Amino acid sequence: MLIHYQNLFHAIAVAVFAMGMAMPAAQAAEQRGKPLQPAQINAKWKQECSSCHIAYAPGLLPAESWRKVMGGLDNHFGTDASLATEESTEITRFLVSNASNRWSTSTAPLRITEGAWFKREHSGRETPPAVWKNPLVKSPSNCQACHTRAEFGDFSESNIKVPE
Amino acid sequence: MLRIFYTSGLTLMIVAGLAAQPAFAETPNQILSSIQSEAKTVPGFQGFSAERGAIFFKTQHGKEFSCTSCHTENTAAQGKHASTGKAILPLAPSANAERFSDPAKVEKWFKRNCNDVVGRVCAAQEKGDVLTYLLTVKK
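First to last, the sequence lines map onto chains A and B. Going by my numbering, the first sequence opens with residue 1, and the numbers climb by one from there. Going by my numbering, the second sequence opens with residue 1001, and the numbers climb by one from there.
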């Protein structure tokens, strides 16, 4: 009987260890869904959304957020970014069908930077305040200032290069 | 029968291909003349002025931004988006052949930018003055 307990303890220990090892990947996938950007991208989305900033990957927000963003383009964070209905419909379809499918909270923020995962990944410990003050970074919306492959929806740690 | 299918399929593909083409390319002068036909419908229209266009382009119109906030005073050089910092290619047609060559694009950006800079749609007179001015900018 004692042996059985020991076996059970061993099994639990192995399971806990395995979970621990798997955590970073699981956490990263928890709220953003994967992949952030599908291999097949929509040409209109790329063209229109990258006119003033990088075309943010659809997986960075849940579907409801994209519906709100696309429904308010005539006042897009203080700027008129309105599109013809046909373009807007096509781009909305692409964003919604590739949106984050693992958004764990019920919020649908307009800003990517308002997401809980964004705040966690860019906490003072992860991203020192001096980084944001760098004129080359300018704003948290400037993903590509540090995430060198942001326009491809690639935000992996290995592709981060904080400008000096 | 098979041939009919084949031919109709091919025709469909060609038609679809043509439809997918961007709007017919025009020259800045063609675009200017279509703005002019619109401006002519307003009584008292006396043509466009590069000087008036330059003033319109460089001054604020009661809002935070002017055209130069993003396109800078030198439209033959690269500009910079005032809020995102993204590089904007030169606006003057002499420095950027793509500018004012796609009527849909011209209409889209005048609508957006006039709303941001002037807080309303621009009159044909204003658009024509600005384009006339931009056409005088040398590389």
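These are computed hints drawn from the structure, not numbers from a lab. Heads up, some of the hints might be wrong.
[What the hints assert, rightly or not] Label-pair ranges, simulated between beta-carbon atoms:
hint: 1; chain 1: B; residue 1: Lys1139; chain 2: A; residue 2: Thr105; range: 48 to 54 Å
hint: 2; chain 1: A; residue 1: Ile160; chain 2: B; residue 2: His1081; range: 19 to 25 Å
hint: 3; chain 1: B; residue 1: Lys1080; chain 2: A; residue 2: Pro140; range: 26 to 32 Å
[To be verified] With a cut-off of at most 25 Å between alpha-carbon atoms, the simulated DSS-like pairs for lysine-lysine come out as follows:
hint: 4; chain 1: B; residue 1: Lys1086; chain 2: B; residue 2: Lys1105
hint: 5; chain 1: A; residue 1: Lys138; chain 2: B; residue 2: Lys1105
hint: 6; chain 1: A; residue 1: Lys161; chain 2: B; residue 2: Lys1105
From a predicted model like this one, the values you see are computed outputs, not experimental measurements. Each residue gets a CB set at the ideal place from its N, CA and C atoms; glycine is no exception.
Outcome of the hint check:
1. Lys1139/B <-> Thr105/A: 48 to 54 Å: holds (52 Å)
2. Ile160/A <-> His1081/B: 19 to 25 Å: Roughly 23 Å apart at Cβ, these two residues keep to the hinted range, so it holds.
3. Lys1080/B <-> Pro140/A: 26 to 32 Å: violated (18 Å)
4. Lys1086/B <-> Lys1105/B: holds (19 Å)
5. Lys138/A <-> Lys1105/B: violated (28 Å)
6. Lys161/A <-> Lys1105/B: violated (35 Å)
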